[in-house]
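Visitor: Please take these sequences and the hints and turn them into a complete structure.
Chains as they are written, first to last, in the working numbering: chain A, 5 to 122; chain B, 1369 to 1478.
Calculated from the structure, these hints are not laboratory results. Among the hints, a few may not be true.
[Claimed, not checked] Subject to a maximum C-alpha distance of 30 Å in a straight line, what follows is the list of computed BS3-like cross-link-like pairs (lysine-lysine):
id, chain 1, residue 1, chain 2, residue 2
1, B, K1424, A, K59
2, B, K1404, A, K24
3, A, K24, A, K68
4, A, K70, A, K59
[What the hints assert, rightly or not] Derived CB-CB ranges, DEER-like:
id, chain 1, residue 1, chain 2, residue 2, range
5, B, K1424, A, T86, 42 to 50 Å
6, A, S115, B, L1429, 17 to 25 Å
7, B, Q1448, A, S87, 42 to 50 Å
8, B, H1439, A, F43, 19 to 27 Å
A virtual CB, placed ideally from N, CA and C, is assigned to each residue, including glycine.
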Amino acid sequence: GAVVSQHPSRVICKSGTSVKIECRSLDFQATTMFWYRQFPKKSLMLMATSNEGSKATYEQGVEKDKFLINHASLTLSTLTVTSAHPEDSSFYICSARNPREGWVYGYTFGSGTRLTVV
Amino acid sequence: GEDVEQSLFLSVREGDSSVINCTYTDSSSTYLYWYKQEPGAGLQLLTYIFSNMDMKQDQRLTVLLNKKDKHLSLRIADTQTGDSAIYFCAETPNTDKLIFGTGTRLQVFP
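Guide: Written out as structure tokens, the structure is:
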């Protein structure tokens, strides 16, 4: 089946530094990728939708300059948390949409990245 | 609106049935989904239901959909300890964005 690789799985960084998270579709071309943030005891919040070769579409309340998304190819999207602060600590999950799989099975999720900012 | 609500916790004894409920506000979704998340992991599609269906059964899983009340439920029969996880309902309201509920943490005890 479709596989999405998300890297790193865990990262600890110092406050003020930037962290890049990669999301790769391994065996299909993902026209669209999504980035989610998971808060403790809360939902998966959609942060942005990323389309290959174009600017990401951010959800309301998500800072574009803080969370930089690049979708340079059909198999890779990156999320960079810039000037990270402790409140950015969270679990980030990417999802890739395979347009050949339809609306039910077309979403494949990465295994997530646990970001801790100290 | 795109708000999807679930209760936060559910605790059941092994062997009993679990029922996880979800309410949503956007009635335009063609499909509604249930995803499972194991600790520290991504999401796995468990099952789905087409919006013109009332019920769908898939082995131990039964999905009920009440469109009038915008209510979706997932019943897990003979719940096992391996079913302990967070369960999310999700919808795609006229876009290709998956919008998730708040998630229900299911704990199964012996």
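Visitor: Does each hint hold? Answer for all of them.
Guide: Verification of the supplied hints:
| no. | hint | result |
| --- | --- | --- |
| 1 | K1424/B / K59/A | 39 Å, violated |
| 2 | K1404/B / K24/A | 26 Å, holds |
| 3 | K24/A / K68/A | 15 Å, holds |
| 4 | K70/A / K59/A | 15 Å, holds |
| 5 | K1424/B / T86/A: 42 to 50 Å | 44 Å, holds |
| 6 | S115/A / L1429/B: 17 to 25 Å | 23 Å, holds |
| 7 | Q1448/B / S87/A: 42 to 50 Å | 45 Å, holds |
| 8 | H1439/B / F43/A: 19 to 27 Å | 25 Å, holds |
Checked against the numbered hints above, the structure violates only hint 1.
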